[in-house]
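Keeping their order, the protein sequence lines are chains B, F and W.
The end of the first sequence is residue 218 by this note's numbering, with every number in the run present.
The end of the second sequence is residue 1244 by this note's numbering, with every number in the run present.
The end of the third sequence is residue 2207 by this note's numbering, with every number in the run present.
These aren't lab readings, by the way, just hints derived from the structure by calculation.
A quick note: this is a predicted structure, and the numbers were derived from the prediction, not measured.
A few of these clues could be false.
To be verified - Simulated restraints on C-beta separations:
1. W:2072 / B:43: 28 to 36 angstroms
2. W:2072 / B:108: 33 to 41 angstroms
3. W:2193 / F:1011: 20 to 28 angstroms
4. B:38 / F:1028: 51 to 59 angstroms
5. F:1165 / B:15: 35 to 43 angstroms
Cβ atoms here follow ideal geometry from the backbone N, Cα and C, with glycine treated the same way.
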Amino acid sequence: MIALLRRDLILAIRAGGGFGLGLAFFLILCVLVPFGVGPAPATLAKIAPGILWVGALLACLLSLDRIFQLDAEDGTLDLLATSPLPLEGITSVKALAHWLTTGLPLTLAAAPLGLLLNLPPQATPWLVAGLALGTPALSVIGTFGAALTVGLKRGGLLISLLVLPLYMPTLLFGAEAARRGAEGLNATTPLLLMAGITAGTIALMPFASAAALRMNLR
Amino acid sequence: MSIWKYANPAQFMRTTRWLLPWLTALAVLSVGTGLIWGFFFTPDDFRQGSTVKIIYLHVPSALMAINAWLMMLVTSLVWLIRRHHVSALLARAAAPVGLVMTLIALITGGIWGEPMWGTYWAWDPRLTSFLILFLFYLGYIALWQAVETQDTAADLTSVLCLVGSVFALLSRYAVNFWNQGLHQGTSVPVATGGRTVADVFFYPLAISMLGFGLMFIVLVLLRTRTEIRARRLQALLARERAAS
Amino acid sequence: MDYTADHLACARGDRMVIAELSFHLAPGRALILRGPNGSGKTTLLRCLAGLTPPMAGRTSFAPEEVAYAAHADGLKAQMSVEETLHFWAQVFGASQIAPAITGFDLGPLMSRRVHTLSAGQKRRLSLSRLVLTGRRLWALDEPTVSLDSRAVAQFAAAVTAHLAGGGAAIIATHIDLGLTGADQLDIAPFRASAQTDTDPFLDEALQ
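If we strip away everything but chain B, and leave its shape as in the complex, we get (with noise of 0.2 angstroms):
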């Protein structure tokens, strides 16, 4: 297991893409929103929490389809799967891996992005705890919509829209706190809530995701 995580590591940092496209796209986007919506500072305030989170969740779908495609094509899943790690094994350690090579750089660039979205300071603490705590779902979440279209050959735009609306609870939670840290108050109960969902997610989705992958490489 902790082999596999190193070597889906090790492709991420060797592969390129892995690690910055995702982060790329991130600032892309919070670029290209004062653009959109005008350089007004109580404008983009109101609007960061929410900016941050769908930009979060959009990079991370970016690299969801390269979680088990590229080890489908060159026939290393079948292999995976013959060998003696269990299937749910390996979906959790494929999920870990797209969320330290996602993630967790989403969640670190957060707060600098924050500032170029006029993120009221306040609300960053909260922001970056959610997007913590949360995008372990996203990447969870993801690897079972990687299982699911791993056979096929434009599973990108499919995944997308099996995924989106399973991302819906953990964003509404996640730019609740957000707003509500902006706002001042104490946005505790969103974050748990979403903690909940997380800690569901990590624990049960593995075995739908192994269930799915198991039924492709029939």
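Keeping the supplied structure of chain B fixed, place chains F and W upon it in accordance with the hints.
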């Protein structure tokens, strides 16, 4: 004799062939009665005027939108556990009908909402959950169409349906947290057995709901028959290819 | 313990491809699968490796006893040969990679990245993984594709060593590997037919 007998495609085709005309007649009759009674023979509401009459479309379609998903959930489970092909095809057949029902509920809701709330759309919990349900239907149908191997498609969509149901429920309560609604309470609370609409409105509404239910069954059976024929054609073509 | 399969039926996608196939394989022997393209060799091997559950019949061995080598090499261009071997050794719980290196003459290639290897070298690296699995029964799908005659001989020697150690192998191949103790199995007669295929949508009552 067990209920699983009907999971055999041939038995299903035989049974539905004589069942369908009767069901169709009943569905047309009750939808027609419900709508005509509701539209022309009920008084206008003292506050909402004749706008209220859209309820005879809105409530039954909303009900069926949710019921269709529940039916897909059950048939998906049956497919995963017992691998009855008809069950998987029933789920597949129900999805587009459910999608259209959701769309009707959303559109009639918008038309009703404009004079009442002054807006076609609001991010109200109920409206939002219906929009999410609409997205779930879209994803489900898209996955069915994208996967070429039919049994695999049935497997994958079943898993998606199970996982989606959990998340749909989650979203339903999550949106409550996010925005308090404009939408009125349910018109026919089944759980409490009471109702919040007067009898004059309720009877045509009940008939309309029954009619929509029957119409849903008719459409699903028809579509399932089509799906079975399509699968049969596919199997025959594959056999022919194999023989040559 | 012998490896046997009883009235096995295997499917690819929705279609049953192989039906009523039985074989018997003693340790130390190899079974060569013959048959034209599309006759179901890959389907059978995937079924034996546990990737697709059999539709009917049974085998005396579990998929966990089978080391599977597919058409595709399953290699990552960005990793070095050494990293690749270490990775698979860890996945299969092998303590050392030396047997794989010597068996397939990978010594001179160890520090090279996989994308700098030739097709034949990649194939050798891919096959060397079999040694690392520590499994007794090898299921090989066209293992000699893109190997030159010297590499084929090398591969045949590796298989012979595996057999001599009490292992067994099921190999789908078109060329003669010159293995001693190999049985031939022509799988064309086991092609699923209208009689054996139980597609529920081809029920006579539908007609």
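Query raised in the report: Looking back at the hints listed earlier, which ones does the structure fail to meet?
Result: The structure breaks only hint 1.
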